[in-house]
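Student: Count the sequence shown with my numbering and you get residues 789 to 1031, in order.
Any given hint might turn out to be false.
[Said to hold, decoys possible] Label-pair distances were calculated between CB atoms; the ranges are:
{"no.": "1", "residue 1": "D829", "residue 2": "L962", "range": "27 to 33 Å"}
{"no.": "2", "residue 1": "D930", "residue 2": "L997", "range": "37 to 43 Å"}
{"no.": "3", "residue 1": "A1006", "residue 2": "E861", "range": "43 to 49 Å"}
{"no.": "4", "residue 1": "R881", "residue 2": "V817", "range": "25 to 31 Å"}
{"no.": "5", "residue 1": "V919", "residue 2": "A965", "range": "37 to 43 Å"}
{"no.": "6", "residue 1": "S819", "residue 2": "L928", "range": "31 to 37 Å"}
{"no.": "7", "residue 1": "D948", "residue 2": "A920", "range": "21 to 27 Å"}
{"no.": "8", "residue 1": "S933", "residue 2": "D829", "range": "54 to 60 Å"}
{"no.": "9", "residue 1": "R1001", "residue 2": "A927", "range": "54 to 60 Å"}
{"no.": "10", "residue 1": "R891", "residue 2": "A822", "range": "45 to 51 Å"}
{"no.": "11", "residue 1": "P929", "residue 2": "S819", "range": "32 to 38 Å"}
Rather than coming from a laboratory, the hints here were simulated on the basis of the structure. Where a beta carbon is used, it is the ideal one built from N, C-alpha and C, also for glycine.
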Amino acid sequence: MTVRANAQPEQLVLDLPHRQAQGAQDFLVSSSNAAAVELVDSWPHWPRPTALVVGPAGVGKSHLANVWRLRSEAALVAAQSLAETAVPVFEQRRALVVEDVDRGIGNEQVLFHLMNLAREKSGSLLLTSRVAPGELSIALPDLRSRLRATAPVAIEPPDDGLLRSVLVKLFSDLQLAVEPHVVSYLALHMDRSMEVAVQVVAACDRLSLAMQRKVTRAVAAAALAAVAPQSDDGPDVGEDDTV
């Protein structure tokens, strides 16, 4: 699909594959996230019952995990909150997302047990982390060994093409016509994060309305100054699906 922004005097056209993220905003695909998208799309035909998606904050790990959650009818739990209550939930659904294992695991024995259950009962576990398995701080030797044997699928920071396309789409969703040089300016100066892109475009919208003018480079600069370059990369899920 061609992503277009009604920019004047020239029209900005960026060609990137496009897929609908189930139950969420459109998810744009590029070389930076293609492997992780393929992992989600290939379920339930995974080569191993446990998959690990690795990438820095703000690259869309939670977004893709949510796509898989909706597709597989999985439950979700933050790794820090992992407890024995997750076991019967997994046994019922045979699918579970465990978010942010790099931030600490509430019960390492439970995660090890879940990984064994996934293998024994043909279930699926999707783990997310900001760091590779070898960099995780794991006390339980068996779990540490099992995680290090899990081949990670990486999501890299968005490349130029993907970041520009995301900005164009976000502006288009708000029915804002933004010239190509403004999009280029934002892509060059903003933090390379999907969450920051959302925040920056929202700030541009607010400033544009307050100033009663279109989104110019000056408005874009003010929006960048107003947005803190940080993201919690938190999941966007419903309460009923959280363990």
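Student: Work down the list of hints and note, for each, if the structure agrees.
Tutor: Hints versus structure:
no., hint, in the structure
1, D829 x L962: 27 to 33 Å, "holds, 29 Å"
2, D930 x L997: 37 to 43 Å, "violated, 56 Å"
3, A1006 x E861: 43 to 49 Å, "holds, 48 Å"
4, R881 x V817: 25 to 31 Å, "holds, 27 Å"
5, V919 x A965: 37 to 43 Å, "holds, 41 Å"
6, S819 x L928: 31 to 37 Å, "holds, 36 Å"
7, D948 x A920: 21 to 27 Å, "holds, 25 Å"
8, S933 x D829: 54 to 60 Å, "violated, 29 Å"
9, R1001 x A927: 54 to 60 Å, "holds, 56 Å"
10, R891 x A822: 45 to 51 Å, "violated, 26 Å"
11, P929 x S819: 32 to 38 Å, "holds, 37 Å"
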